[in-house]
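> Letter by letter, the chains look like this.
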Amino acid sequence: MRELYFVEAINEAMIEEMRRDPTVFILGEDIRYGHGGGIFGATKDMLEEFGEERVIDTPLSELAISGSAAGAAYMGMRPIAEIMFADFMSICHDLIVNGASKFRWASGGEHGCPVVYRAAFGAGVGATIHHSQSPEAWLMNAPGLTIVMPSTPYDAKGLLKAAIRYDDPVVFLEHKLLYRRLQEEVPEEEYLIPIGKADIKKEGSDVTVIATGAMIHQALEAAKLLEESENLSVEVVDPRTLLPLDEETILESVKKTGRVVIVHEAPVTGGYGAEVAAVIAENAIEYLDGPILRVGAPWCSVPANRNLEREHYLPTSSKIAQAVKQVASFGGGV
Amino acid sequence: MSLSKEKMLELYRWLLMDRFLDLKANELFRMGKLMSMYHSALGQETVDIGAGFALQDGDAFLPSHRGKGIYILRGLDLNHFMAGMFGKKEGLGQGRIPVGSHMCGDPSIGLVPIQGAIGSPFTAGVGAALALKLQHKPNAVLSFFGDGGSSRGDVHEGMNFAAVENLPLVMMLINNGWSLSVRSEFAIPVEHISIRAVGYGFEGITIDGRDVLKVYETTSEALHKARQGGGPTLIEAMVDRWTAHSANDPDIYRTDEEREAARKIDPIREYEKVLEKEKILDEAKKEEIHHEITRLLDEAVAYADRCSEPGYEEMIHGVYKEAG
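Protein chains in written order, with the numbering used here: chain A, 4 to 337; chain B, 46 to 369.
One chain only, chain B, in its complex shape (with noise of 0.2 Å):
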């Protein structure tokens, strides 16, 4: 399951998109442009991305309400994106929903939509997994979570019938020790959530989510094994949050020590370091890809300023299937 020096750098470009795009998101929320609720993904895009990356062809996926770069590299167009957060008529949901958020969705691509209800989308992902069953296809559902979200009573009536059905998903559980402003110790009678998989017999790792290539093998393998037919994986993803729970939370539960704590590591910085030292990325390499990303985000953004505003005909439909 290792990569080719070519594909460690596709991943590195994907990295990058991820980290720009919620930069650029928040920016845009900071200038009153974003229509959306904004919960940032910095310092997580390696679990986000080195676990979207493992996805094939056919695979369905439920994304975090965090990671953005997910949608793009599955095969959204940054533009009808961009666009659909500014909650413009052309873009991506016309102004219906959060974009980046909750509530996308395209069967198509195999995503399905979340809810904004933190733990809801869980059930939905069980259901995905149960449809790729009695559909026969070779695939598997990768479907992320949170510990917050962990603690919901569906999440456990989910994995039990994922159990109890052999079903062929992934459960990609990001802890990054807070349930908004709740502390893990208040929430989370374990060190590891991923112990409790053994309640359900099916295999639960800790992995530091940092780090991205063990993102990627471990996810790949956990994929492999479930469109085998081996059944579900639990994958705990342990990763720093950077940022307060939200672009509106203002943040005052954590001592300045501990937002410093957390931003110690930059993943995407370990990861340079191993492109680095493997030849793969240098200096003038890393600037191309800075540029190129940077343009298409500008691209995007200027796209998104030139879409009109959605009104009521753009609301109205659509509640049930229309004919023709």
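Chain A with its partners taken away, still in its complex shape (with noise of 0.2 Å):
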């Protein structure tokens, strides 16, 4: 089977998705001419295939993008819009939160807001304080939107085209370190991958890791690690979508395993693992052999310099592991 990068599989989906549904179009930053086709390549082909109309190319402003993408697909169409950073997102707040989430709501749960908000995030390239941050945990606490953040290329193509077709807001998060070092088989027929289902990337018995985008690949080296010097058996859960969360899949892992990893790679303090981590704690307590630990950065912004960023400020496989050990010691140990 062919492979394809992550970046790539992001432009493919959106490319079967115009074809197949004229509704559909993309508006952001620099996707026409831009490095040849969004500053990551991600609409790459797109303005000749698609032409002018429906590849816009905006004036720098986050808030006509968003707002205007919303006004759009309330009125029929599916718009994509790319946030050029997701830390761009924060200007963005505003129709997002107090609009397009909340449309259908107000009308009684009758009229959609069918826009896909796309934005590159994550730490790792080197892109400092104001273009590397995951912002999830800002957008959490909105009733009627969508958080996606897929991790391999084949769960990004099924993933975006899922969310063009969903017919409500969905923030859609890729991680820019992933675009073009993430290689994988994706299926050249189509599929779709459901939002709001939760993946096992790896199956096993002592401990639950729930890890998110990038730190994915982060908490999988941690379990062959592991398995290797400490016979731990790790099993690695993605949410994929992040909000609404799929509790059952995860309630089911921890409950087989009695203890949990988070990772994620915002901010521990009022990042999403809290979250996961109450839900974890309300319904499956009693299966817990142990605290369940959060692993995530540290409470400060990105740094610039490489050694931090990468060492200090993220989460590595060897932070992950540590917390494994950690919590595999509980419950009589493993």
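In case anyone wonders, no lab produced these hints; they're calculated from the structure. Treat the hints with caution; some may be incorrect.
Computed footprint of chain B on chain A, listed as stretches where at least three residues anywhere in the stretch have a Cβ under 8 Å from a Cβ of chain B [as the list claims (entries may be wrong)]:
no., segment
1, 73 to 83
2, 110 to 119
3, 294 to 300
Just so it is clear, the structure is predicted and the values come from calculations on it, not from any experiment. All C-beta atoms, glycine included, are put in the ideal place defined by N, C-alpha and C.
Please dock the two separately framed chains into a single complex, following the hints provided.
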């Protein structure tokens, strides 16, 4: 089977959906000519195929992008709004949390706002303080919103296609570190991955590690390491859709292992992991052998220095392995 | 773009509907029957209705947070709307939203929901115009906002983007001289906001918003231009704010003289004079229309009173699209 990079999977998903549905269009900054189709190349070849009408280079105006995408979606279109860096989602906050995500509820469930806000997020590429953050927790407390964060090219394509067909607003977060570093087999035949379904990336029986985005790969590396050195069996769960959360899959895994570590890139305090931990504590605390541990960034911003960023700021496989070993020592050990 | 005598009378009828609905809402608010916030449009009915009257089927619109008559003018059922203002289960919004103020939406009649923060809906209106353009529809969007909202950064972004994309958008800026308690002189550094249109390369016009025929004609022309691919127009309609900002506002920042001066001209009375002069309206006809609208409103209130209170079930569903 042919292999695709993460960013190629994103690109292919959008092209396929734009071919299938004439109401799909894309707007954003530098998506026509910049770097040959978006600064990460996600919109490559789209201008050539779909023309200027459906591939819209906007002024440097995140408010206009996010707001007009919501308005167009309400009036029958399916816009993909590319927000160049997820850090800039903060600028778009109003129309997403006060507008798009509330439109359906306000109409008694009748009229939705099928817009996808795509954004490149995450650290590890030296993009520094305002081009590296993971903004999922900034958006978590908004009823009506759906947040998707794929970790592999296969998931990225299937989830983005599903997000474009979804009838409510989706924030779709793509890790920029994975764009051109991760390649895997992606079938040419059409497939969709349902929004709201978690995936077990690796089965195990001793400890559950719930990780998101690029952290999945750190978690898998940690799992491999621990299996070899400590004879620990680690299950790695990828929520894929962070909001609404697939509680069933997560709770099932936790009930099986009795031990859990939650990993994400954003700072631990008030992070997405806090919500996952609360759900586990409320629903499955009697199954737990030890504390729910969280691994995330420390309480500071993303540093510019490469060593600080990669070794001290970001969670690494060794930090995850350490947390897994710690939690494995409870319940009489493994 | 001038109106037939029949249409002129119909316009009058809608102006009265807007006025009487507003007065009724004020009365109901004081009785504690309105669930929601209440921002009066008294004295500026000529803008909401005059401009709304220029809309055609297929056009979209974003009302101001004041005018209520425009919702009925564009096709919402008065009883349903009134029950919605009461926050009742059978009413518009099922008790979820401040009906008549914000968040009422219905794409089938081109009604884009507006948000409660003044100025926030503006870019959504730009998006509605973008949708019409991409759908190749011969229609346009009428987007209301105010002098207060014009200070928002996203209004600038929206105007700029609408101009670049040459969108079918008519921006109706209702300038009543106040951002709640802040006088224009402390918020707007120019005499007329329409001058800003120059910076976007589209037309900006200032008109007397109290002249309903002027509002109708100017809006009609701008909508016509937009539907033909002529791009956006900014219309600044000058009005007086008769009332406080909202029913919760004690209006302590104006002097009695200022409040009196604001009410010196009744735009609906001015229009009556035109109709009387043209022999379209006489006392008997006036009486008949007053009676008819009063009856409709009384019926709507009676219906709303009969409707039931929503419960948890009415509140919790429909956050996401549900199957079936």
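> Now, for every hint given, state plainly whether the structure supports it.
Going through the hints against the structure:
Under the rule that three or more residues need a Cβ within less than 8 Å of chain B, the assignment of the segment 73 to 83 of chain A holds, with 9 such residues. Given a C-beta distance limit of less than 8 Å, the hint that chain B covers the segment 110 to 119 of chain A holds, as 6 residues qualify and 3 suffice. Check result for the segment 294 to 300 of chain A against chain B: violated, 0 residues qualifying (beta carbon to beta carbon below 8 Å, three or more required).
Hint 3 alone, counting from the list given before, is not met by this structure.
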